[in-house]
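Going down the list, the sequences are from chains S and B.
Numbers 1 to 259, taken from the working numbering, label the letters of the first sequence in order.
Numbers 260 to 849, taken from the working numbering, label the letters of the second sequence in order.
Bear in mind the hints are in silico, worked out from the structure with no lab data behind them.
Just so it is clear, the structure is predicted and the values come from calculations on it, not from any experiment.
Straight line, CA to CA, 30 Å or less: simulated DSS-like cross-link-like pairs of lysine-lysine:
| id | chain 1 | residue 1 | chain 2 | residue 2 |
| --- | --- | --- | --- | --- |
| 1 | S | Lys198 | S | Lys150 |
| 2 | B | Lys542 | B | Lys406 |
| 3 | B | Lys591 | S | Lys230 |
| 4 | B | Lys412 | S | Lys196 |
| 5 | B | Lys738 | B | Lys756 |
| 6 | S | Lys190 | B | Lys406 |
| 7 | S | Lys240 | B | Lys591 |
| 8 | B | Lys412 | S | Lys198 |
| 9 | B | Lys407 | B | Lys442 |
| 10 | B | Lys412 | S | Lys197 |
| 11 | S | Lys50 | S | Lys197 |
| 12 | S | Lys190 | B | Lys407 |
| 13 | B | Lys412 | S | Lys190 |
| 14 | B | Lys806 | S | Lys230 |
| 15 | S | Lys65 | B | Lys806 |
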Amino acid sequence: MIKIAVLVKEVPDTWSDRRIDPGTKRVDRDGDVVIDEINEKAVEAALQVKESGGGEVTAVTMGPKNALDAVRKALAMGADAGIHIIDEALGGSDALQTSAALAAALGSRGFDLVIAGNESTDGRTAAVPAMLAERLGLSQATFLRTLTVKDGTVTGERMTDDGHVEVRASLPALVSVTEQIAEARFPNFKGIMAAKKKPVETLGLAELGIAAGDAGGANSWSVVETVAAKPPREGGTIIKDDGTAGQKLADYLASAKLI
Amino acid sequence: MSEYRPPISDLMFSLEHVVGYPAVAALPGFEHADLETVRDILTESGEFMADAVAPTNRESDTVGAHRNDDGSVTTPPGFIAAYDAYVEAGWGAVPLPEEFGGGGFPRTIGLIIQEMMLSANMAFALCPLLTQGAIEALLNYGSDEQKKSYLPKMVTGEWAGTMNLTEPQAGTDVGALTTRAVKNDDGTYAITGQKIFITFGEHDLSEQIVHLVLARTPGAPEGTKGISCFIVPKFLVNEDGSLGERNAVECLSIEEKLGIHGSPTCVMNYDGATGYLIGEENKGMRIMFVMMNSARLSVGMQGVAVAERAYQQSLAYAQERRQGLAIGAAGKDSAIIEFPDVRRMLMTQKAYLEAARHLMLLNAANVDISTNHPDEATRTRADEIVGLLTPICKGFGTDLGNELTSIALQIHGGMGFIEETGVAQHYRDVRIAAIYEGTNGVQAADLVGRKLGVRRGSSFTEYIKEIGSLDKELAKAGKGFASIRTNLAASVDALGKTTNWMLRHGLQDPNSILAGSSPYLRMWGVTLGGWLLAKGALAAAGMGDAKLAEEKLVLARFYAEQLLPQGVALQGAATAGESDLFALDAAALA
Ligand SMILES: Cc1cc2nc3c(=O)[nH]c(=O)nc-3n(C[C@H](O)[C@H](O)[C@H](O)COP(=O)(O)OP(=O)(O)OC[C@H]3O[C@@H](n4cnc5c(N)ncnc54)[C@H](O)[C@@H]3O)c2cc1C
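Turn these sequences into a full structure, and let the hints guide you.
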């Protein structure tokens with residue numbers, strides 16, 4: 001039976017316009033939040049591994065109070081347990097700090113496989129999985145669009161710019177998965193009710209053994225210098241047909257590297 | 260991404276702060292249905308409806324359901340997959356008894372799941388809704404054996420159910436039905452006759468369809484006193500629960516209709532089909548009455564649900580469509596949402612929607628109190644309130660369904676009239692809700708004919724007093740609430756006076772109160788709506804959330820100042836009596 005940890009995260013609902021708060025220079029998380037879609041898929045991948053060969057899935061999140069919803073969703077989908085890393089002092093952590101906190105939480109628990117989404121839809125650093133693997137000393141296989149675990153080995157197709165490569169790693173390992181990995185199942189009513197009885201552990205700075213002087217935005221390694229709103233969308237290019245429209249259109253598409 | 264967004268935060272606000280759901284969750288039997296669990300369930304079921312059901316809505320309309328030559332019926336594309344997923348997710352079972360595999364949740368929560376499913380696709384949702392009606396009849400009146408053999412699979416949704424009342428000569432007047440039930444030697448009955456307009460009478464979503472059929476035994480008394488209710492399964496059920504022989508029931512044809520094209524409306528032929536009596540002979544109407552409250556509330560919710568979907572669409576359109584320049588605006592043109600008249604249309608939809616949703620949930624919460632409260636007097640009173648609110652929810656809710664979808668269409672301008680936009684579908688789909696499950700005229704007649712007389716009118720007058728008692732809180736709430744207070748007081752006053760007029764005239768001159776029954780029902784609806792929005796605004800003011808407080812206050816004030824006054828204005832119509840209605844004979848009306 002393999003022990004799987006899957007990383008989940010709450011992000012602003014894609015319905016609400018995502019915004020960066022110019023004051024704190026952080027993603028504004030005031031609006032509706034939902035579990036990041038990529039994480040739902042990661043949970044689905046974890047559950048499929050569990051269903052194919054037996055195992056136990058723990059959903060791990062780091063974030064404020066409502067981040068727990070992401071864990072609850074994973075539990076409702078079928079994960080067995082949850083870990084919620086929560087501490088006010090952790091607010092504003094950068095990727096390095098986040099990976100350190102996650103590593104502290106996962107470190108001694110003997111997970112065979114850690115599954116993460118390749119990048120979150122809000123911060124989009126796409127760095128945490130690799131950093132976490134490094135910190136935990138796990139082999140890593142990132143950007144997988146398929147995933148199979150068999151006889152102590154994880155295999156999958158890793159997406160590259162030109163196609164994919166087959167990769168293989170022996171357990172324990174960390175993988176990150178892309179959107180193509182799986183369609184997430186809908187949690188069902190029984191799953192939601194069962195989730196209420198599943199254990200969720202809460203960890204703060206003290207439990208993690210992280211010094212206050214290392215935690216949170218004030219002590220982060222990376223600093224956001226400035227933020228700028230995305231420029232308003234410009235009007236599209238209109239090509240009038242004077243007999244050469246076909247050629248102009250082709251040139252335009254070529255210049256945009258679309259053909 | 261789905262075009263439907265479940266209004267979870269509005270729903271949670273209504274539950275927690277307006278209709279008193281925390282008291283429901285505290286009742287014996289509902290301890291597991293706390294607000295946090297409810298939020299999880301609504302969030303997930305809402306997401307399910309938006310992602311798995313809502314995308315079927317367009318083709319549900321454009322392709323529709325079809326009857327094949329062999330009598331089978333094919334539902335629109337996507338229905339089978341969505342239905343299977345619905346069964347797998349178990350949403351239908353949430354409010355049903357645990358004994359039969361349900362979740363044991365309050366009706367209130369079940370009603371919200373229905374709302375979201377109806378918004379996602381009304382035609383699709385009718386299949387589970389009818390099944391729920393049949394389940395309730397069996398729960399209340401079925402024998403233990405009947406419950407055991409039918410309920411578990413109906414609760415999961417693996418088996419669907421239907422309600423067979425209507426015949427060509429027996430619509431509103433159910434008592435005129437002629438389908439016959441003759442007792443066989445083995446205690447079963449042979450059912451023979453034709454039913455029309457049977458929703459999901461035949462389809463390909465479930466392996467079994469359990470028809471509940473009203474019929475008459477030989478020599479039964481005339482009218483509603485001689486009606487019995489039978490279970491007629493599409494396939495006979497073997498001893499071991501497996502499906503056996505095909506029963507002698509078939510779908511002869513399905514109707515072409517204005518809306519809900521995805522829902523097959525069937526002519527059903529029973530040709531000596533095997534039926535099993537529910538309860539006793541001639542007691543069929545009693546069974547129907549039990550279900551009626553429940554089904555009528557669900558139909559009222561259809562009005563809200565479809566109007567909500569149409570509202571969301573019109574709000575998006577109002578922000579996209581640019582036309583002309585609004586006063587004070589810069590640039591080439593403005594989004595039409597910048598025009599006051601478009602704003603009026605949007606605010607009217609939003610305020611009515613919120614008011615009507617509160618009203619539906621208030622009714623449902625009272626259903627839950629009437630079934631689960633430990634104190635008998637409280638249960639009885641809640642049951643009276645359900646009796647009062649049900650025809651109002653059905654009538655007012657579905658009238659609003661028509662009005663608000665019409666407004667949503669209007670916001671689309673010419674494109675609203677063009678089918679491609681999809682907004683016309685909501686307008687057509689919701690139109691049936693004011694007609695079936697007792698036309699809205701029948702609801703108004705029920706309100707003044709059956710319900711008004713309860714305890715010689717005290718049931719009504721006590722409730723009007725309760726509504727009026729909010730005045731004390733409004734008086735303390737400050738200037739922002741002043742116009743809400745005056746308008747609500749005026750409306751409550753008019754409702755009280757009209758009720759007294761009805762009570763005075765009802766006995767000697769029943770026709771005069773029937774004449775005013777529809778405006779009277781509307782007075783109730785708009786007054787209850789104003790009361791509930793005011794309650795919401797008061798609650799929001801005390802929550803320490805300035806944005807929410809402002810939102811709820813503006814909505815309640817807009818409603819109180821601009822929609823509620825019709826309550827007072829309708830007093831004249833409600834108390835005019837029948838004389839002018841009958842002053843011109845049919846020839847003069849030509
Ligand atoms: C799409 C669709 C689905 C349906 N699904 C089902 C179903 O699943 N099962 C089922 O059994 N039936 C179903 N029905 C039938 C539906 O319930 C009836 O059509 C409805 O009850 C009205 O009956 P009617 O059509 O005979 O109208 P009528 O009774 O002829 O009514 C015509 C008009 O007269 C008014 N009227 C009639 N009697 C009175 C009165 N006493 N007082 C005041 N006004 C009155 C009505 O309000 C209405 O305006 C469905 C109908 C449709 C169109």
